[in-house]
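Chemist: Given next are the chains, with one letter for each unit.
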Amino acid sequence: MRLVTAVIKPFKLDDVKSALESFGVQGLTVSEVNGYGRQKGHTEVYRGAEYTVDFVPKVRLDVVVADDDAHDVVEVITKAAATGQIGDGKVWTTAVDDLVRVRTGERGPDAI
Amino acid sequence: MHFDLNTVDTGNTAWVLASAALVLLMTPGLAFFYGGMVRSKNVLGMLMQNFVTIGIVGVVWVMVAYSLAFGANGFGGFAGNLHQFGLGHMSEQVAGYQGGLAQTIPPLVFMAFQLMFAIITPALITGASADRLKFGAFVVFVTVWIIAVHAPIAHWVFSPEGWLFKKGAEDFAGGTVVHANAGAAGLALAIVLGKRLGWKKDPMRPHNLPFTLLGAGLLWFGWFGFNAGSALGASNLAGVAFVNTNTATCAAMLGWLIVERFRDGHPTTLGAASGAVAGLVAITPAAGFVSPVGAVLLGLVAGAVCALAISLKYRLGYDDALDVVGVHLVGGVVGALLIGFLGTNRGNGGVGLNGLFYGGGVHLLKLQAIAVGAAVGYSFVATLIIAKALDLVMGLRLTRDEEQEGMDTVLHAETAYDFGGVAAGGFSPTQRAATGGPPVGASTGGAARTEGVQA
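Those protein sequence lines, which keep their order, are chains A and B.
Take 6 as the starting number for the first sequence in our numbering and just add one per residue.
Take 43 as the starting number for the second sequence in our numbering and just add one per residue.
Next comes chain A alone, as it looks inside the complex:
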């Protein structure tokens, strides 16, 4: 099993969710996060005083998939999240040792 994590632009969440549903992904966890990459943040001015806002709002998705699906899921997310503009985000995967479905106690890939 692999955990696919993506940090994307918030307004792309719907597109990514639809694409993952079409692919067959059954569940998804999202969180609102802030961060920056090479694009950095922006500046705001209040009564002439400049504030730099380094952390830009993003959406983070976490989804656990079977080993065989991981590559395709990354592709699906990348395609759906892309705008071609700066700040589109990142997708990465990590190995998952174990997984339990709390209701039934099923373990491993059956619990995905």
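Rather than coming from a laboratory, the hints here were simulated on the basis of the structure.
It is possible that some hints are incorrect.
Stated by the list, open to error - Below 27 Å or equal to it, Euclidean Cα-Cα: the simulated DSS-like pairs (lysine-lysine) are:
# : chain 1 : residue 1 : chain 2 : residue 2
1 : A       : K95       : A       : K17
2 : A       : K22       : A       : K84
3 : A       : K45       : B       : K243
4 : A       : K17       : A       : K45
5 : B       : K83       : B       : K243
6 : A       : K45       : B       : K242
Unchecked claim - What follows is a set of in silico ranges between Cβ atoms, one per label pair, in the way DEER data are often shown:
#  : chain 1 : residue 1 : chain 2 : residue 2 : range
7  : B       : G359      : A       : E49       : 22 to 28 Å
8  : B       : G178      : A       : E37       : 36 to 42 Å
9  : B       : L129      : A       : V58       : 51 to 57 Å
10 : A       : D102      : B       : V464      : 26 to 32 Å
We treat Cβ as the ideally placed atom computed from N, Cα and C, and that holds for glycine.
Given chain A, work out where chain B should sit, using these hints.
Modeler: Frame of chain A, contents of chain B only:
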């Protein structure tokens, strides 16, 4: 002398009563104007200082401060005497309002109208001391300040018994008594308090600009009572003040936005709200004394000058958190001095003197400069002494830990915004014993209170 109730004009009385209610609304409006500009951890602290000012002044004014402001000369002319202590002798004429100045509204109605001015004046100061002033110290400060600073200055300028009034200095609705006075006091208090932790380093951007714009709107609305009500009658003069107030405010908003557009690149909502307030401040002393075109000029100048004045604090190094100096002191002084140029008695039924541009020479400008100098000088020095004394006796400033934690939980044991979730906490319906400390379980606030070290 006895006030003859048969001389009461019902229309005038109705307008002044309605105006008093409008002016009261300005203080909650100010609370939101300021509340939106502070960080979210201090919003209740800011709202509370403004609200409790209504409570304190509402009592102090009735008991003693009204008499000090509008009683017949006492204390060698420094303030009114105590003849109206506890609102005694209110069946008599207000001192000095005789002959051409005779009032057509009951003295009690006049008192109520002036009370609302006395409420908002110290409330304005809270912007300078934002985020770091102890609540108890603030309560004592306002009580002393209304008696020792506001009442005497109101006496000098507003009461026909006052020395500046007798000289002929003009302040239609409180440019010097309310705004320059509060601005000078704010500067003194900010200097005694010192800078907020992390000033010029940590981000302290406004946490809720919609609040600030809402507050500015309420101020603007209430200000029609402040200025047009100061005609003390439902008259042509009230209409002149009403139109000038709106005109100058609109021009000042545009003036501020123009400065922002060229200096910062973007016209901002905070700039629109600030410019409007700067215009309201500046037209206050002049509302009944200028022409509509004069109001446009006065507004444009005030908006642009105040937009530039707010950066002074960064250069001079005093932390006037929400720009009470840049908006109220500078705006009040600009408005009061511009009367010396733009003042005219052609459109208001012959009230007041002509300024430099209307053939009156520099006489009026001199008078205005004397009034501004006296009010600003006295307010600054007296406030500096009061603040320093209170700091020595009881301490003005929150501890370092309390300031970092924020006023809302530390001073009031409350949270402004509950969006549910984990941070909503637990609940116990039983009342805890009054210990004076924060509730059990408010661990961070409790630690800050008990272990806090003086900053």
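Chemist: Work down the list of hints and note, for each, if the structure agrees.
Modeler: Tested hints:
no.: 1; hint: K95/A with K17/A; in the structure: holds (13 Å)
no.: 2; hint: K22/A with K84/A; in the structure: holds (12 Å)
no.: 3; hint: K45/A with K243/B; in the structure: holds (19 Å)
no.: 4; hint: K17/A with K45/A; in the structure: holds (19 Å)
no.: 5; hint: K83/B with K243/B; in the structure: holds (18 Å)
no.: 6; hint: K45/A with K242/B; in the structure: holds (21 Å)
no.: 7; hint: G359/B with E49/A: 22 to 28 Å; in the structure: holds (23 Å)
no.: 8; hint: G178/B with E37/A: 36 to 42 Å; in the structure: holds (39 Å)
no.: 9; hint: L129/B with V58/A: 51 to 57 Å; in the structure: holds (53 Å)
no.: 10; hint: D102/A with V464/B: 26 to 32 Å; in the structure: holds (27 Å)
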